[in-house]
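Given next are the chains, with one letter for each unit.
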Amino acid sequence: MNYGPLVFLTAFVALSASWFGFVLTPQIQIGRLTESTNTLNTAELYPKARPGQAAQGLQVYRANGCAACHTQQTVQEGTSIDVYLLEVGTNAAAVSTALVKANVGFTRIDDPGFFLNLPKNILPGTTIEAAKRAFKGAQSAGAKAQIRINPQGPDIARHWGVRGSVAADYLFDQPVMLGSQRVGPDLSNVGARLPDVNWHLLHLYAPQQVVKGSLMPPHRFLFNVAKAGQHPSPDALQVPPEVAPAPGYEVVPKPEAVALAAYLVSLNSSTPVFETPMTLASSATSTNSPAK
Amino acid sequence: MSQSIKRSAPASPSSSQPLLKEPAFPIWLIVFLTLLLYAGAVYFDGHGSGFHPQVYAPYSSYTQLADLQITGPPNPLEIGFRVYHKPSCVSCHQASGAGSPGQFPPLVGSEWVQEPEPGRIIRAVLNGLQGPISVKNQQYNNAMVAWGGVFSDEEIAAVITYIRQNKDWGNNAPAVTADRVKAVREKIKGHPGPFTADELLKIPAAD
Numbered sequence: 001m002n003y004g005p006l007v008f009l010t011a012f013v014a015l016s017a018s019w020f021g022f023v024l025t026p027q028i029q030i031g032r033l034t035e036s037t038n039t040l041n042t043a044e045l046y047p048k049a050r051p052g053q054a055a056q057g058l059q060v061y062r063a064n065g066c067a068a069c070h071t072q073q074t075v076q077e078g079t080s081i082d083v084y085l086l087e088v089g090t091n092a093a094a095v096s097t098a099l100v101k102a103n104v105g106f107t108r109i110d111d112p113g114f115f116l117n118l119p120k121n122i123l124p125g126t127t128i129e130a131a132k133r134a135f136k137g138a139q140s141a142g143a144k145a146q147i148r149i150n151p152q153g154p155d156i157a158r159h160w161g162v163r164g165s166v167a168a169d170y171l172f173d174q175p176v177m178l179g180s181q182r183v184g185p186d187l188s189n190v191g192a193r194l195p196d197v198n199w200h201l202l203h204l205y206a207p208q209q210v211v212k213g214s215l216m217p218p219h220r221f222l223f224n225v226a227k228a229g230q231h232p233s234p235d236a237l238q239v240p241p242e243v244a245p246a247p248g249y250e251v252v253p254k255p256e257a258v259a260l261a262a263y264l265v266s267l268n269s270s271t272p273v274f275e276t277p278m279t280l281a282s283s284a285t286s287t288n289s290p291a292k
Numbered sequence: 001m002s003q004s005i006k007r008s009a010p011a012s013p014s015s016s017q018p019l020l021k022e023p024a025f026p027i028w029l030i031v032f033l034t035l036l037l038y039a040g041a042v043y044f045d046g047h048g049s050g051f052h053p054q055v056y057a058p059y060s061s062y063t064q065l066a067d068l069q070i071t072g073p074p075n076p077l078e079i080g081f082r083v084y085h086k087p088s089c090v091s092c093h094q095a096s097g098a099g100s101p102g103q104f105p106p107l108v109g110s111e112w113v114q115e116p117e118p119g120r121i122i123r124a125v126l127n128g129l130q131g132p133i134s135v136k137n138q139q140y141n142n143a144m145v146a147w148g149g150v151f152s153d154e155e156i157a158a159v160i161t162y163i164r165q166n167k168d169w170g171n172n173a174p175a176v177t178a179d180r181v182k183a184v185r186e187k188i189k190g191h192p193g194p195f196t197a198d199e200l201l202k203i204p205a206a207d
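Residue numbers (the numbering used here), protein chains in the order written: chain A, 1 to 292; chain B, 1 to 207.
The set of hints was computed from the structure by calculation and includes no laboratory data.
For every residue, glycine included, the Cβ atom is placed at its ideal position computed from N, Cα and C.
Incorrect hints may appear among the rest.
Said to hold, decoys possible - Just a few of them, taken from the derived set where beta-carbon distance is under 10 Å, the chain A residues facing chain B:
1. Ile28
2. Gln29
3. Gln76
4. Arg148
5. Thr271
Unchecked claim - Subject to a maximum C-alpha distance of 27 Å in a straight line, what follows is the list of computed DSSO-like cross-link-like pairs (lysine-lysine):
6. B:Lys167 x A:Lys120
7. A:Lys144 x B:Lys167
8. B:Lys202 x B:Lys189
Can you make the complete structure from the sequences, with help from the hints?
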């Protein structure tokens, strides 16, 4: 029996269906993404094209296979919604009544100490509907409240990012260095975590000196160890004595190292976007207590 | 010819030809594949978010996402926090606001930051600051970048409000409005370069 045409047709349908689903549809949907303003109502555009040196650093990152051990995607697994009472105003009893009326789980607040030590998380882990009711209630009674939306997930708990990664984060990356193995930490937000270029240079030169027990191999080929001479280079790296070269020599980062460090500092996905709503962590309004 | 007729004759039970006792495609496989298809459809329904390009896991629909967009007047402290960590101020004055000895003065508890009238600090941020300055009885000497051309009036007002009202630093001074920054920007149009500490001290506080 000749099943040739049937086998061909089946394979053709299966492959073209997945091509339509995984290539064509996403291309139609997000193939023409552009930078846009975020939800903060400021004129800030996101994402921004990387500065030239950082754009070169992406190629250094690619050439040295950094993506073999580092990912650039933060996974978000949920959202927790809290309501913070910032100021209680003049009438604490009215605020208490309003919160009970809002039907968000408050029975009655008799303890006047409840309204001390503001700002205070009065409704941890609630729903958005209840949060909005409580917010309105508190506002009508003259208090100041704030709804805080905190992305949750193991990556966020590790401080690898503040929200889940979305397509817009990679808009100016060519190619996108998503990575698949996490031998080292996720780097999608490393520029916000570690904004110091010199830290990154020293970390590339001697990882174990900056991070105890680091598995990262030293990338000393990105540095020149040269005689200091009469006029030491202003770009020379300050290295700790354990890894310092012989006296009279200095460690000068090559352009590749400088570009890579600039790229790492430019990796910053902490801007809120429509796709992952979040309230910015600001020390002026937080209570330092992590949500859950 | 007679041989070929013999071969195509109905096979006896003992011949090697298989008999169609049960269907060639087993029923259990059909049931299994149907269940697999059903489970896949349910998974798609739960995780596909209607194939909307702006909806990512863990969100399941656009309406849910739109509901979570908290609109309202932006909090100047939050904008200030963002401007501070651009990285702009944070590069020298540190996230802790402690600065670095001898070079960059601290913002924590600084008398310059917490002046009741913000005229001087606005000037320092707009045009930069150069030369020696005494903060909390310590001498510092380095150059501060002029941020006037980088940030808008709103952003500069927000970041100054942020450093003046940062509770973690123990700072508590009145907020700065964008109008005030705008007014100061007009006044210092004839002063292109950075200020010095002495120059700032000569300016009346309320100016």
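Evaluation of the provided hints:
At its closest, the beta carbon of Ile28 of chain A sits 9 Å from a beta carbon of chain B; the interface hint therefore holds under the 10 Å criterion. With a least beta-carbon distance of about 4 Å to chain B, the hint placing Gln29 of chain A at the interface is held under the 10 Å criterion. Among the interface hints, the one on Gln76 of chain A holds; its C-beta lies about 6 Å from the nearest C-beta in chain B, closer than the 10 Å criterion. Taking 10 Å as the C-beta contact cut-off toward chain B, the hint placing Arg148 of chain A at the interface holds, the least distance being around 9 Å.
Using the Cβ-Cβ criterion of 10 Å, the hint placing Thr271 of chain A at the interface with chain B is satisfied: the shortest such distance is roughly 8 Å. Between Lys167 of chain B and Lys120 of chain A the alpha-carbon distance is near 14 Å, which keeps this suggested pair within the 27 Å criterion. Taking the CA atoms of Lys144 of chain A and Lys167 of chain B, the gap is near 17 Å; set against the 27 Å cutoff, the hint holds. Restraint check for Lys202 of chain B and Lys189 of chain B: satisfied, since their Cα atoms lie roughly 17 Å apart, inside the 27 Å limit.
Comparing the model with each numbered hint stated earlier shows that all of them hold.
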